[in-house]
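Colleague: Let the hints inform the model, and build the full structure from the sequences given.
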Amino acid sequence: MTSRLYPPARASALAAACLLAAAPAVAAAAGGHDERSFSSSSTLPDVVVTTTRSTQPLTDVLADFTLIDERQIAQSGAATVADMLARQPGLEMTRNGGPGTATSVMMRGAESRFIAVYVDGVRMDLQIGGAPWEALPLAQVERIEIVRGPAAAVYGSDAIAGAVQIFTRRATREGFAPYAGVGAGSRGLWKADAGFTAKSGAADYALGASHEQAKGYSVRTGGNPDRDGWRNTNASASAGYQLNDQHRLQASALWGRMKAQYDDFTSSPANWADDWGDNRVQTLAGTWAAQWSRAWRTTATLSHAGQRYETRPSPYLNKTRQRTAQLHSEWREGPHLAAATLERRHDHLENDPIVRSRHQTSLNFIYGFSHGPHTLQANLRREDDSDFGGHTGGSLAYGWRFAPEWRVSAAAGRALRMPTLYQRFSQYGQAGLKPETGRNVELGLHWARQGSQIDLTVYRNRVRNLIVFGAAGPCAASFGCYHSIGRAQYEGVALSGTHRIASVRLTASIDVQRPKDLDSDKLLPRRSRRIAKLAADTRIGLWDVGAEWQAHSRRFDDRANRNAMAGYGLLNLYASATFARQWTLLARIDNATNTRYETARGYPQPARSFYVGLRWAMP
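Count the sequence shown with mature numbering (1 follows the signal peptide of the UniProt record, and there is no 0) and you get residues -27 to -1, 1 to 592, in order.
Worth flagging that the hints you see were computed from the coordinates, not collected in a lab.
All the given hints hold, so there is nothing to weed out.
Straight-line C-alpha distance at most 30 Å; calculated BS3-like pairs for lysine-lysine:
| no. | residue 1 | residue 2 |
| --- | --- | --- |
| 1 | Lys232 | Lys292 |
| 2 | Lys495 | Lys407 |
| 3 | Lys292 | Lys164 |
| 4 | Lys232 | Lys188 |
| 5 | Lys292 | Lys407 |
| 6 | Lys292 | Lys188 |
| 7 | Lys188 | Lys164 |
| 8 | Lys164 | Lys232 |
| 9 | Lys489 | Lys407 |
Now the in silico label distances, taken between C-beta atoms and shown as ranges:
| no. | residue 1 | residue 2 | range |
| --- | --- | --- | --- |
| 10 | Arg569 | Asp218 | 55 to 61 Å |
| 11 | Pro308 | Phe375 | 16 to 22 Å |
| 12 | Ser526 | Pro151 | 42 to 48 Å |
| 13 | Leu300 | Trp373 | 30 to 36 Å |
| 14 | Glu378 | Leu300 | 38 to 44 Å |
| 15 | Arg355 | Val477 | 45 to 51 Å |
| 16 | Arg569 | Leu491 | 29 to 35 Å |
| 17 | Phe375 | Tyr214 | 42 to 48 Å |
Every residue gets a Cβ at the ideal spot worked out from N, C-alpha and C, and that includes glycine.
Modeller: Okay, structure coming up:
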């Protein structure tokens, strides 16, 4: 389900698209600025930046964490970031049709506006409700970091469920490195992209652009029987300059435009229309990073994020923007890390005839300790909102390595999420909505040996004043309004692991969860109680071959749990080969068993799909 509303002329579709407008779970850590700004070559496979505002070895990460690298992205054949995330442990995606239509990504049962999303360090928490998942392009991305579980105390209320940090391509070695790719697939799909990274002395640059489009398929065969196609054009750019050993300047930008057809619920054939949604996003950021001494460094960042969503022929226009100024300072001494972040954020919403703004000022403190078998992280955050006043939150996590291969951890946190400007002041909103508050606890067990690992996490998250979209009330819209349902609880067990048997690498995860409304004891809509995912890959001669399988149990499309959607299983197959060092051929079959399934009632997902792509890159 999506947390964003669409044109009033599509009332029934809006009601369905907004039913899950809120479902938080108290947070894990998030990424606040692009730590790569300290050095143009600092991105290392065993270092992550999402779990704190500082670089951190994977061995010190206490949270439930996933890293998606460039190889996995290239083999995915996915159209958007949301498609890629849907294959990861603990995440579900709902979509009203194909790529480009209303999309939501849920983490541990919590709806997507409770996931803190950053693109090259720029926060994408827009005031319609979270990140615009359907418009975030994957073609420009080289790395994604995912954290599940307690850290709104680090990055604010939008990190209640967890965090996703997205990194676009950057130059990491001397010289000029161009690349290009083309691909084609089922339902008129074709893709093309090109770009380069370059580094010369103290300067580095990166530029990339891509376009993909498809004729699509008829999403609502019983209603509007047209093919619902889409077009996605995007570009990214970055430039950095190392002034000296201590100071570096960095700038980055991302632009994307997703234009997609969608079907409404209009019952009369006379009113059938070729509906289009035009979704544009952009980010801009400038950073100055300074290493003042061996132990002390700072980062100052100015950033902008914006979205413009328009529909035709039914006229609708919504614009949001977010501007942030941030100063981060950290001190490292032996096993100790002390950091503080001061942030000023301004949000703006234009939804005719509504024009609203608000601002927040926050101060965050982090203390980290890692020595011998012990790892500790404590976070304290003070946030002052122009509409809701001050709030203090915090989290605490501890890990103990009681044997060389084993570690046990515990974490707890509390958070508060302010209602969005859209939830309060649009025609569907209520100005008197209260902030949502949450408390989270979790226990974890981690085992690792020679490239194999197993992670077990047990969590419980309770939320008060959960905001949802429901029956008509005091707002201007006649078919439904945002309102608070009272209390919700997200609890579950997550088990994941990786292992190698001979030349075959296996990854698997099982999530057993119960996201429910405590007042009615009903499951929250469009969440599966049981999710299993399995992937296997190996090399046969020149070819890397693999398979991905996932299964989701039954879900309900409504809060009353009357409209059930059947469970389903999906199988994807792929093969890739690199030859002449510069060329890579990729072939994929998605939904190989041609399973019929829905993630939103009345919107069938794509049938079996084929894709073949060819890429060239200078070695």
